[in-house]
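Modelling step: build the complete structure from the supplied sequences, incorporating the hints.
In my numbering, the protein residues as written are 1 to 332.
There's no promise every hint is true.
Simulated pairs of lysine to aspartate or glutamate, DMTMM-like, Cα-Cα distance not exceeding 25 Å [stated by the list, open to error]:
1. Lys77 to Glu6
2. Lys104 to Asp2
3. Lys104 to Asp28
4. Lys77 to Asp159
5. Lys123 to Asp2
6. Lys77 to Asp125
7. Lys123 to Asp248
8. Lys104 to Asp83
9. Lys123 to Glu6
10. Lys104 to Asp189
11. Lys123 to Glu103
12. Lys123 to Glu145
Okay, the calculated beta carbon distance ranges per label pair [claimed, not checked]:
13. Lys77 to Gly17: 39 to 49 Å
14. Ala279 to Ala236: 23 to 33 Å
15. Asp188 to Met1: 42 to 52 Å
16. Lys104 to Asp188: 22 to 32 Å
17. Ala236 to Ser192: 18 to 28 Å
Since the hints were derived computationally from the structure, they do not count as laboratory data.
Given the structure is predicted, the values throughout are model-derived calculations rather than measurements.
For glycine and all other residues, C-beta sits at the position ideal for the given N, C-alpha and C.
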Amino acid sequence: MDPRSEVLLRQAELFQGRLLLAGPPADDLLGQLPAAVGWSWHAGEQQLLDRRFGGRCSFGVAPVPGEFDAAVLFLPKSRELTDYLLQTLAARLNGRPLYLVGEKRAGVERAARQLAGFGRARKLDSARHCQLWQVMVEQAPAAPELDALAHHFTLELADGPLQVISLPGVFSHGRLDVGSALLLEHLDDIPSGRVLDFGCGAGILGATLKRRYPQSNLLLLDVDAFAIESSRRTLAANGLEAEVIAGDGIDAAPRHLAAIVSNPPFHQGVHTSYRASEALIERAAEHLVSGGELRLVANAFLRYPPLVEQHLGPCHTLAERDGFRIYRAVRP
1 MDPRSEVLLR
11 QAELFQGRLL
21 LAGPPADDLL
31 GQLPAAVGWS
41 WHAGEQQLLD
51 RRFGGRCSFG
61 VAPVPGEFDA
71 AVLFLPKSRE
81 LTDYLLQTLA
91 ARLNGRPLYL
101 VGEKRAGVER
111 AARQLAGFGR
121 ARKLDSARHC
131 QLWQVMVEQA
141 PAAPELDALA
151 HHFTLELADG
161 PLQVISLPGV
171 FSHGRLDVGS
181 ALLLEHLDDI
191 PSGRVLDFGC
201 GAGILGATLK
211 RRYPQSNLLL
221 LDVDAFAIES
231 SRRTLAANGL
241 EAEVIAGDGI
251 DAAPRHLAAI
261 VSNPPFHQGV
271 HTSYRASEAL
281 IERAAEHLVS
291 GGELRLVANA
301 FLRYPPLVEQ
311 HLGPCHTLAE
321 RDGFRIYRAV
331 RP
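Right, dumping it as structure tokens:
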């Protein structure tokens, strides 16, 4: 059981009515709270919860409609996303309680200060290195509009300006990160056919690839619902069409790909994990056709070349700058 869930269950008498769990971990909490439903923006966790508690956890950038007696927000890592989620939940809870639970090192005390805008907040419990806070929503705010929270910016690229729409919680929200900037300069000679942008974020790489290789069947994949929505908006803003897929890791991608291009993710919550990137390298060959290519950007200190050569083939460094490297490998 996730320690945040354990803290909730120490106060189980508070959570017996119709309850919305926002961002719940993939544990047995829904089983312990039979009147609760979940709202997840993490495709992997939603899939696990749906497998165990079919139909009780939705996926997307907005909660399921309906009335709730209370809601619990499991603190996400992004401050901007936290603000959107708290506003969204509070807008549905006039005169009812809103709870916030999170790890101390994730900044739950800081986030709890945001509850003051809805009423008088109080800490209910502190255990398992986590805290549980409550606020009675005295005056519900207006439901926030995602459009108003999106960052719109323009990238001046070699083949013309690219419009980008980034939503709260998306990697490198509102700006172009250094690794992607380097990769954008090294997208020449991508094999034609079915091309995957793995970990698409706001859709910058995917939109650039589709514009540069319009005949390719482009797919974008990410685990995060806000990234999926950002990518769809970025594609639309540039008059481009591509398939956007929600899925947790490379196993969610289709087979018979001509190329996989990625600035792979490695952060999960307050913990650092390279598992998604390593799994991509380890199983890329299963998804690529013969002659298909993996091209990715990574921190130079990560020992990816031996892993690439073990599972795919010779690893070539195309470029290096600002602590990042572009790697290329081709399936035999």
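The hints, checked one at a time:
1. Between Lys77 and Glu6 the alpha-carbon distance is near 20 Å, which keeps this suggested pair within the 25 Å criterion.
2. Simply put, Lys104 and Asp2 have alpha-carbon atoms about 14 Å apart, close enough for the 25 Å limit, and the pair holds.
3. Between Lys104 and Asp28 the alpha-carbon distance is near 22 Å, which keeps this suggested pair within the 25 Å criterion.
4. Of the supplied pair hints, the one linking Lys77 and Asp159 is violated, its CA atoms being roughly 35 Å apart against a limit of 25 Å.
5. Note on Lys123 and Asp2: the hinted pairing holds, with a Cα-Cα distance of about 19 Å set against a maximum of 25 Å.
6. Distance check on the hinted pair: Lys77 and Asp125 sit about 21 Å apart at the alpha-carbon level, within 25 Å; holds.
7. For the given pair, Lys123 sits about 34 Å from Asp248 by alpha-carbon distance, which is inconsistent with the 25 Å threshold.
8. Between Lys104 and Asp83 the CA atoms are separated by roughly 18 Å; this keeps the pair inside 25 Å, and the hint holds.
9. The straight-line distance between the Cα atoms of Lys123 and Glu6 is roughly 16 Å, inside the 25 Å bound, and the hint therefore holds.
10. Proximity of Lys104 to Asp189 is assessed by CA-CA distance (about 47 Å); at most 25 Å being required, the pair is judged violated.
11. Restraint check for Lys123 and Glu103: the C-alpha separation of about 13 Å stays at or below 25 Å, so the hint holds.
12. Among the hinted pairs, Lys123 with Glu145 is inconsistent with the structure: their alpha-carbon atoms are about 29 Å apart, more than 25 Å.
13. Separated by about 29 Å at the C-beta atoms, Lys77 and Gly17 break the suggested range of 39 to 49 Å.
14. Range check, Ala279 to Ala236: Cβ separation about 30 Å, and the 23 to 33 Å hint holds.
15. Taking the beta carbon of each, Asp188 and Met1 are about 50 Å apart, inside 42 to 52 Å as hinted.
16. Between Lys104 and Asp188 the beta carbon distance is about 47 Å. The supplied range of 22 to 32 Å is therefore violated.
17. For Ala236 paired with Ser192, a C-beta distance near 24 Å keeps the hint of 18 to 28 Å intact.
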